[in-house]
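J.: Sequences and hints are given; from them, build the entire structure.
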Amino acid sequence: MNNTTPIKNYKLELSAAPHIHSKWSTKKAMWLVILSLVPVLISSIIFFGLKQLSIISVSVAFCLLTELTIKKLRKKEVTLDDGSAIITGLLLAFILPPNFSLFATAIGAIFSIGIAKELFGGLGFNIFNPALAGRAFLQAAYPVSITTWTKPNYDVDTITSATPLAAYKFDKISTDLSSLFWGNVSGSLGETSALAILIGGLFLIFIGVVNYRIPLAMILSLIFFSAIFWIIDPFKYQNPIFHLLAGGFLFGTFFMATDWVTSPITSKGMWIYGILISFLIVLIRNFGGLPEGVMYAILIMNSLVPAINRFTVPKIFGEKK
Amino acid sequence: MNISKTLKSFKGGVHPKEFKFLTEEKSFEILPTPKEIFIPINQNLGKPPKILVKKGDEVKCGDLIAEADGFISSPIHSSVSGKVIKISKEINVNGFPVQTIIIQSNENEENNFLPKLNLENVTAEEIINRVKEAGIVGLGGASFPTHVKITPQKDKPIDLVLINACECEPYLTRDYRLILEKTNELINGLKLIMKALNVRKGIIGIEDNKPLAIEKLNNVIKNFEEIEVKVVKTKYPQGAEKMLIKAITGREVPPKKLPFDVGVAIQNVATAISIYEAVVEGIPMITSTLTVSGLGINEPKNLIVKNGTPLKNIIEFCGGIREDSVKIVVGGPMMGVSQFDLNVPVMKATSGILVLTKDEVNSFNETNCLRCGMCVDVCPLNLIPTRLARFSQLERYEDANLFGITNCMECGTCAFTCPANIQLVQWIKLGKQKVIQMLNQKSAQLN
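So the sequences go chain by chain: V and W. The opening residue of the first sequence carries number 1 in this note's numbering; numbering runs sequentially from there. The opening residue of the second sequence carries number 1001 in this note's numbering; numbering runs sequentially from there.
To be clear, the hints were calculated from the coordinates, so they are not data collected in a lab. Possibly wrong hints are sitting among the right ones.
Derived pair list, reagent style DSBU-like, types lysine-lysine, alpha-carbon separation capped at 30 Å [what the hints assert, rightly or not]: (1) Lys1256(W) with Lys315(V); (2) Lys1154(W) with Lys320(V); (3) Lys268(V) with Lys1257(W); (4) Lys320(V) with Lys1256(W); (5) Lys320(V) with Lys1230(W); (6) Lys1233(W) with Lys315(V); (7) Lys1008(W) with Lys268(V); (8) Lys1017(W) with Lys27(V); (9) Lys320(V) with Lys1434(W); (10) Lys320(V) with Lys1429(W); (11) Lys315(V) with Lys1442(W); (12) Lys1230(W) with Lys315(V); (13) Lys320(V) with Lys1008(W); (14) Lys315(V) with Lys1008(W); (15) Lys315(V) with Lys1434(W); (16) Lys268(V) with Lys1233(W); (17) Lys1233(W) with Lys28(V); (18) Lys1011(W) with Lys27(V); (19) Lys1011(W) with Lys28(V); (20) Lys28(V) with Lys1358(W); (21) Lys1257(W) with Lys320(V); (22) Lys1020(W) with Lys23(V); (23) Lys1008(W) with Lys23(V); (24) Lys1429(W) with Lys28(V); (25) Lys1358(W) with Lys27(V); (26) Lys1201(W) with Lys320(V); (27) Lys11(V) with Lys1089(W); (28) Lys1011(W) with Lys23(V); (29) Lys315(V) with Lys1429(W); (30) Lys1429(W) with Lys268(V); (31) Lys11(V) with Lys1017(W); (32) Lys1312(W) with Lys11(V); (33) Lys315(V) with Lys1156(W); (34) Lys28(V) with Lys1020(W); (35) Lys1358(W) with Lys76(V); (36) Lys27(V) with Lys1429(W); (37) Lys28(V) with Lys1017(W); (38) Lys1233(W) with Lys23(V); (39) Lys320(V) with Lys1011(W); (40) Lys1429(W) with Lys11(V).
T.: Below, the structure is given as structure tokens:
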């Protein structure tokens, strides 16, 4: 540093105020997110077996590898230690079906980091949540295998079963709420156990990495909108608690929609964003061709974030409106 | 006293580590008069005063050496008896070279102070004139000439005098020690300000991390119906004028307006005490009270020093600095100025000298903005720091102006919080200056 001037034997740093910094750093926040995913990791192993670690490792490894390669190609500083690529790898794996093809997992990871993140300029500049973008890509590329679900606690690939959302949507078969809470149902690796997700998600809110606004807005709005349809026709449409616990809602709420980079920065914007995501989820689940709508709802709202930020600029202190 | 849990405050803000324990139990010590003092003349906001002395002049402690130049300007008095040996441009604590009067002190103990006025009989006009004569400036940081702030304005009725006793900057304990050691002077100072402005209500606003001071104040004000102590939440920047007025009165000072516009006159603890001393004891503003602290200084202290004392004398008096020190700051850690030359002198409004070690500074490399929104959440003025900083980096000053960059009070809360360690307030300060220049040019063209 050339802005140091020695005074006698001391080298003093010169800089503008403030001269102290809070406990927060990007790296610390990212590693805390990784820590918060541990309960989800454990739940995926409990319900779908140790062999799922292969999907998780492939996803994380290819995310890291892709980022490393692109940083080298772009001659940028390699910042793998910030943990962000590991998070993308974990998140992508957790929203894939158990026993998903490892090759396809790798393709998804490459797309997540290579296209959705680095092509847009890297960490902080991506518009879409990288893990969700990778999942959307795989949904288009492998439409069948990505909707082939293994029954929990079976170690044989051939025993498949519908997810609770699909079972109700297409066959009106209900799943009991306690299974949904514990996670003993078919679904994506990390999405089935409401308990594990809540432990990690509430931890993030408690320590301050995640602001409570988006999760709260999503949960209240999901209950509100799904209740409207449920009251209209309780047989055709599922009840709000089912909507809350089933599918990828809670995982999306705590780990996807709250992604710093792809969510609004203003307080009002966070509320609007959360409310609209759940509104879209209810629409897609109740009226769309697919049983689940969390991924598309969040991706659609990701694209609206710049607009939301623009129209929710807070009133400056003391300003009259 | 029931200090409820639902203390008043403001939206946003942060809780930096306080480190007040380093000096809060230490009484003021008086620094011996240095052999040479350096009195820079830019010690007030507004126009610098005109120098009245020349090289070779003999001066006594309290002699006027620079007179006010216009209404928003403050005179300066010699803080020692001695001989003017040089008048030249020297670096001051803000890092700029300014005209400085250098005086070699002698053993002469004689003072040339102002005549004492009677506390009970003094008139509003006499108070205002005395405050002006004594060269009192705001000691909360801005060093705005105080007489301007205690002169009533016809179109702006004032109904409250507020004493800012928050001292929300970490480390600093000057105001806290003053409250404990000069309680009566503070209360009488407040009464003088109320008299000058013809206001019947006085409130002392203080953060809840100072229970001893609160107790002491409450004991003293029992006899005064018109004075009240109000406790607010400990949070940075609670001591910012706008934030304290909001917490105490619920009134919001609009953008580009002053406390006067919402009927409040606000003064810092040290300023109120200086007003008392100037009026009742006839002492012009020739000393600074300050906290010397930080983990890098060997003996943290609260000190009374002569205006113009070089930092090095003070640091030597406090046992010198530790080897792992990385930064010396004049002022608080959130808004103070880092120093590169220990020969610079303290000024009237210097409230602290901090010697910080690497651990306290906690600096690390900047990364991209992650749009986490933490800076938006903590900004007490509801600005969007990340966007303002970006506009400043891109030199998009029109946009910066549109998003209210000139409202920023530079409290540093955003940069303190930013997990990516982006130099938010620093970029905003730069952008703010450029925007003000741009607006001035525009209005000049229009005229």
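J.: Could you tell me which of the hints above the structure violates, numbers in ascending order?
T.: none
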